[in-house]
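A.B. asks: With chain A's structure known, arrange chain B on it following the hints.
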Amino acid sequence: MSITAETAKAHAHDPAVLCCRAEGGITIEPANLEDPAIFDDLVDSGLLNLDGCLTIEEVLGAKLAKTCDSLCPLTADVVEGAKAPSAPVEEAAEEEAPAPAVPAVSAPAAAPAAGGVLKIHIGEGKDIDLEIPVGALGGGNAVAAEVPTAAAAAAVEAAAPAAALEEKVVRTLTRKHFKITDVKRGPETKIEGTTLYIREGIEAEVIADQELVKDFHLEIITPDLYHTYSETIMDVQPIATKEGDDDIGCGVTRVLDGVVMMLTGVDEGGVQIGEFGSSEGYLDENIMWGRPGCPDKGEIFIKGNIVVQEKTNMERRGPMAAHTAFDIITQEIRDVMKKLDDSLVAETQELRQVRRPGKKKVVIVKEIMGQGAMHDNFILPVEPVGVLGARANVDLGNVPVCVSPLEVLDGCIHALTCIGPASKEMSRHYWREPLVLEALHDEEVDLCGVVFVGSPQINAEKFYVSKRVGHTVEMMDADGAFVTTEGFGNNHIDFASHIEQIGMRGIPVVGMSYCAVQGALVVGNKYMQYMVDNNKSESGIENEVLGCNTLCPEDAVRALSMLKSAMAGEAVKAAEKKWNPNVKSSNVELIEAAYGKKIALVENEQSLPMSQKRKEKYD
Amino acid sequence: MGNVQILLRQHVGAPCQAIVKAGDVVKKGTKIATPAGLGANIFSSVYGVVEEVLEDRIVIKPDEEQKDEFVPIEVPDENDKLALVKEAGIVGMGGAGFPTGVKLGINLAETEMAELDPEINPELPAGFKLEHSYILINAAECEPGLEHNIRQIEEQCDKVVRGVKYCMEITHADKAIFAIKKKNEKAVEILRKVIADESDITIHLLPDIYPMGEERAVVRECLGVNLTTMQLPSAARSVVVNLETAAKIAEAVDEKKPCITKNLTVRGKINGGNAAHVFMDVPVGVSVGELIERAGGIDGVYGEIIMGGAFTGKSTELDAPITKTTGGILVTIEFPDLHGANVGLLVCACGGSEERMREIADKMNGKVVSVCRCKQAIENKPGAPLKCLRPGNCPGQVKNNMQFKKDKCEYIIIGNCSDCSNTVMASGPKMGLKVFHQTDHVMRTVGHALYRTLRVSKQVDQLPSGK
Chain A
0 MSITAETAKA HAHDPAVLCC RAEGGITIEP ANLEDPAIFD DLVDSGLLNL
50 DGCLTIEEVL GAKLAKTCDS LCPLTADVVE GAKAPSAPVE EAAEEEAPAP
100 AVPAVSAPAA APAAGGVLKI HIGEGKDIDL EIPVGALGGG NAVAAEVPTA
150 AAAAAVEAAA PAAALEEKVV RTLTRKHFKI TDVKRGPETK IEGTTLYIRE
200 GIEAEVIADQ ELVKDFHLEI ITPDLYHTYS ETIMDVQPIA TKEGDDDIGC
250 GVTRVLDGVV MMLTGVDEGG VQIGEFGSSE GYLDENIMWG RPGCPDKGEI
300 FIKGNIVVQE KTNMERRGPM AAHTAFDIIT QEIRDVMKKL DDSLVAETQE
350 LRQVRRPGKK KVVIVKEIMG QGAMHDNFIL PVEPVGVLGA RANVDLGNVP
400 VCVSPLEVLD GCIHALTCIG PASKEMSRHY WREPLVLEAL HDEEVDLCGV
450 VFVGSPQINA EKFYVSKRVG HTVEMMDADG AFVTTEGFGN NHIDFASHIE
500 QIGMRGIPVV GMSYCAVQGA LVVGNKYMQY MVDNNKSESG IENEVLGCNT
550 LCPEDAVRAL SMLKSAMAGE AVKAAEKKWN PNVKSSNVEL IEAAYGKKIA
600 LVENEQSLPM SQKRKEKYD
Chain B
0 MGNVQILLRQ HVGAPCQAIV KAGDVVKKGT KIATPAGLGA NIFSSVYGVV
50 EEVLEDRIVI KPDEEQKDEF VPIEVPDEND KLALVKEAGI VGMGGAGFPT
100 GVKLGINLAE TEMAELDPEI NPELPAGFKL EHSYILINAA ECEPGLEHNI
150 RQIEEQCDKV VRGVKYCMEI THADKAIFAI KKKNEKAVEI LRKVIADESD
200 ITIHLLPDIY PMGEERAVVR ECLGVNLTTM QLPSAARSVV VNLETAAKIA
250 EAVDEKKPCI TKNLTVRGKI NGGNAAHVFM DVPVGVSVGE LIERAGGIDG
300 VYGEIIMGGA FTGKSTELDA PITKTTGGIL VTIEFPDLHG ANVGLLVCAC
350 GGSEERMREI ADKMNGKVVS VCRCKQAIEN KPGAPLKCLR PGNCPGQVKN
400 NMQFKKDKCE YIIIGNCSDC SNTVMASGPK MGLKVFHQTD HVMRTVGHAL
450 YRTLRVSKQV DQLPSGK
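Chains as they are written, first to last, in numbering that gives the first Met the number 0: chain A, 0 to 618; chain B, 0 to 466.
Pulled out of the complex, with its shape left as it was, chain A reads as follows (with noise of 0.2 Å):
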């Protein structure tokens, strides 16, 4: 599609190719021109050669010496007066670089430009501006370019006063850990050292709860019986409970270690509860084990098989009536669990939300599901990933809820999950959420708060919830974003809306969602700068295996460090045409060399049994 003068400025360097036919004698404009962001795909399908092509800052004014076709690329022998080039600029030739439509992978760094120099603004009042010529830095290639990053870091540290860098513990939340190595069932729910009794016939009262709930089975899952056939898990929950009057985020919680409760579901008409996809299938072949959201490997699942009413599978009702049916069983546990003593306490851990004034403050900003059904998420429940006293996400209209960082890595958001059994957040993923706890334990960012913003169904209210996330972002006066996203497809919609709207305000914004093959982002705009895929499986796609592709730590990782980079003002490389699961090595090569650290990466799919589904359909 022919381009405007604005397009025209930000492409001056790419190659000018004619979009119509024109004729000879014309003044070349933008509008003659091709939007140079579909190149790639016309070269690779041989409709384009771009050998000896001219740049769009070259031929513009220019006059076409005879009449070319559409698709002509813009060579010296069909213009007369092209004019010189200008040396690249770094930052508009990367920068301003338009959305990608491809999976958008972007290295954290880049060789900064010859002779530029690298900009540090220190905002909360102190106003400190420095300028450091990049090259006393010694950046001079892409893996170097990081150290400056932690150099002037460095150097802010050392210039401020050090009064206003001291940390601020906001609130603790302190967990209390029950080990639990049995589970069994018994004349009443108990625990009894370390072991576990669900109350024979608790069944019933499930069934009994609510109408949609047809039928109802639990099974007690020990890793001796992982190779047990299950249908499409809904979700996978912590069992935790608050002591006393305590509320989510703060206070004590107590919770089991090695047991976790596991929803799985179909209708009566034998319909798994999911969609694009779903992981019904041997278990110990569709888990991926040790994500945030699955159970580890050693964990004995409370696992409950509801069958809701058929066709309630897809509407809203089935899988709210399932979740909160089998809420009766963990809360029956949790009423147990209230009441042991605290000798029996394994261990005890301290969460600290804290503040560190003088760093850059950040927020996560986390798009969770409205578009209802299954897509949906009881916000903020009385105890841990319950249902009482929660409210749903669509009836709150999926605007954005602010939560404290230890909120969601005590519960509360009880995930009904959504699109995608690898790329869905179940409940266990925001107790371990990575980005959350990574952020929280940098001591180079501040971080300020989580926004939850629901995804809705129809974009008038999507846009309707991005632009409060703009609006709300603003006010923190942040310094940089995250925004995540779980599922792919219709979301990416509000996805790049967010980012958008944040980035519009003139702030960095990280973006993190599974992308590779199938998630491909198919919206895009000019802030969607800085990508990080989700993508752990070996072929890019959503292979229907549990948790495969949700945000891990090595992840977060990767968004920190390229979060860092961007409020730093340093160039990001823009995304590969195709995805490219190096970019995402050699990212982490780049961070492990810059920080010495070593990051280590989580095993993917390949690490499974080979279940016949995916030998058929996938690998």
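Calculated directly from the structure, the hints in this document are not laboratory data. Among the hints, erroneous ones may be present.
List time: in silico SDA-like cross-link candidates among lysine to any residue, alpha-carbon distance up to 20 Å [what the hints assert, rightly or not]:
no. : chain 1 : residue 1 : chain 2 : residue 2
1   : B       : Lys60     : B       : Asp280
2   : B       : Lys380    : A       : Asn524
3   : A       : Lys576    : B       : Met401
4   : B       : Lys429    : A       : Ile37
5   : B       : Lys429    : A       : Ala459
6   : B       : Lys374    : A       : Asp43
7   : B       : Lys398    : A       : Ala459
8   : B       : Lys429    : A       : Pro72
9   : B       : Lys60     : B       : Ala17
10  : B       : Lys429    : A       : Asn524
11  : B       : Lys407    : A       : Asp43
12  : B       : Lys404    : A       : Ile37
13  : B       : Lys80     : B       : Ala108
14  : B       : Lys405    : A       : Val42
15  : B       : Lys398    : A       : Asp43
Reference excerpt, derived from the structure (chain B facing chain A, CB under 10 Å, subset only) [unchecked claim]:
no. : residue
16  : Asn399
17  : Lys404
18  : Asp418
19  : Val423
20  : Met424
21  : Lys429
22  : Lys457
A virtual CB, placed ideally from N, CA and C, is assigned to each residue, including glycine.
C.D. replies: Showing chain B alone in chain A's frame:
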């Protein structure tokens, strides 16, 4: 002669209200309906008896004998030319149907040049002003295959020029320019002779590409000014009138004749060949079938009947009546059969609406799996007809072709102008897309080149001083 059906809505605006009832005797020129808002008077086009007044039409049974004389229109002041135009019920006869009495109700001498959008007028200096005000006569006859407009220049040039001068007088325009395609050499020669001594009337020659008759294309070609899709020609101190409308204005002023007849072209798969049958002064309300019979009747099996042109017309039926805006009746050959193959539609402002494109895909037995819109097709208001930002100048189409490929189209049907069709062809076939144009079945029927690759220049040499 069969019953005459006169539609109550033959113009832009609200339907008129009938002022006759069943059983009323009417003459040629009897006023039978008046506007209920924006609109124009409607008159009986025949002598006869009102048979029925329906919600959307008045049905008249014509007398056996039809005299030429008509009931003249009446206005309080016979010298008030604008009042005569209004009373005569004249609307834009090129097809748009905007009430002419409303359009001419402007004083162009006092109309200021509007601010132009610099993005689409890169060659004009900021604050560009036109010194003169203009009546631009649309004689492009842009829809391929139609000939009645050019025929009227050839046969009634004096009347048309008289109408133009009345338009200038009514609007206080100081110049008039005829926009006519250079290929119509005979008509151009006749026109040159007639305006030889008219110092304020000139000719602007147009290239033979589609679209040239789009109102803003006429303004751009004659005056070099690009209007936005929201701007009217008055933004360039001008009013665009179709030449047939100009002739109707002359009839209203000189003869007090109401607007009751229409010139049109009947063409296509007709017994006796595919040459154009031009019918002048056909009473409004006559059926499509009657006109096809007058031309010779349909020759065997056919694809569809189109009322209007190949690009912007709609499919119609034999018993449908013609209106003040009907320009063509086209009987086409049969459609090709795509056997349910995947089809993509490229909808633009210059061709059919998406609905029309879907109808054609359906008639070709194609399955629509993808719909793209030309980047320049602007929907000013939700649901409003599309308007092209730069008529006849392509914005590039390869991105749409890529989408069609992605959506697994085997065929695409395009409704684009000459320039855009050329662009589609530059990449579509190479990508493996088989391209049909919305007008193919008409072009094949009338023996016109298909809209594919553009081989003619958009530039034509002009007459010396436009004379």
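A.B. asks: Determine for every hint whether it applies to the structure shown.
C.D. replies: Hint-by-hint comparison with the structure:
For the proposed pair B/Lys60 and B/Asp280, the alpha carbon gap of about 19 Å is at most 20 Å, so the pair holds. This hinted pair does not check out: B/Lys380 and A/Asn524 have alpha carbons roughly 25 Å apart, beyond 20 Å. Taking the CA atoms of A/Lys576 and B/Met401, the gap is near 15 Å; set against the 20 Å cutoff, the hint holds. Between the alpha carbons of B/Lys429 and A/Ile37 the distance comes to roughly 16 Å, so the proposed pair stays at or under 20 Å and holds.
Under the criterion of a C-alpha separation no larger than 20 Å, the hint pairing B/Lys429 with A/Ala459 is inconsistent with the structure, at around 38 Å. Distance restraint check for B/Lys374 and A/Asp43: the Cα-Cα separation of roughly 24 Å exceeds the 20 Å cut-off, and the hinted pair is therefore not satisfied. About 25 Å separates the Cα atoms of B/Lys398 and A/Ala459, which puts this hinted pair outside 20 Å; it is violated. Straight-line distance between C-alpha atoms of B/Lys429 and A/Pro72 comes to about 16 Å, which keeps the hinted pair within the 20 Å bound.
Taking the CA atoms of B/Lys60 and B/Ala17, the gap is near 16 Å; set against the 20 Å cutoff, the hint holds. Of the pairs offered as hints, the one joining B/Lys429 and A/Asn524 is violated, with about 30 Å between alpha carbons and a cut-off of 20 Å exceeded. Between the alpha carbons of B/Lys407 and A/Asp43 the distance comes to roughly 18 Å, so the proposed pair stays at or under 20 Å and holds. Using a Cα cut-off of 20 Å, the hinted pair B/Lys404 and A/Ile37 holds, with the two alpha carbons roughly 14 Å apart.
Among the hinted pairs, B/Lys80 with B/Ala108 is consistent with the structure: their alpha-carbon atoms are about 17 Å apart, no more than 20 Å. Restraint check for B/Lys405 and A/Val42: the C-alpha separation of about 16 Å stays at or below 20 Å, so the hint holds. Simply put, B/Lys398 and A/Asp43 have alpha-carbon atoms about 14 Å apart, close enough for the 20 Å limit, and the pair holds. The interface hint given for B/Asn399 is met, as the beta carbon of that residue sits about 8 Å from the closest beta carbon of chain A, less than 10 Å.
Restraint check, B/Lys404 versus chain A: the minimum CB separation of about 9 Å is within 10 Å; hint holds. The criterion of a C-beta within 10 Å of any C-beta in chain A is met by B/Asp418, whose closest approach is roughly 6 Å, and the hint holds. A least Cβ separation of about 9 Å between B/Val423 and chain A falls short of the 10 Å threshold, and the interface hint therefore holds. A hinted interface residue such as B/Met424 counts as satisfied when its beta carbon comes closer than 10 Å to some beta carbon of chain A; here the least separation is about 8 Å, so the hint holds.
Nearest Cβ of chain A to the Cβ of B/Lys429: about 6 Å, under the 10 Å cut. The hint holds. A distance limit of 10 Å between C-beta atoms decides the matter here; for B/Lys457 the minimum to chain A is near 6 Å, and the interface restraint holds.
Taken one by one, the earlier hints fail for this structure at numbers 2, 5, 6, 7 and 10, listed in ascending order.
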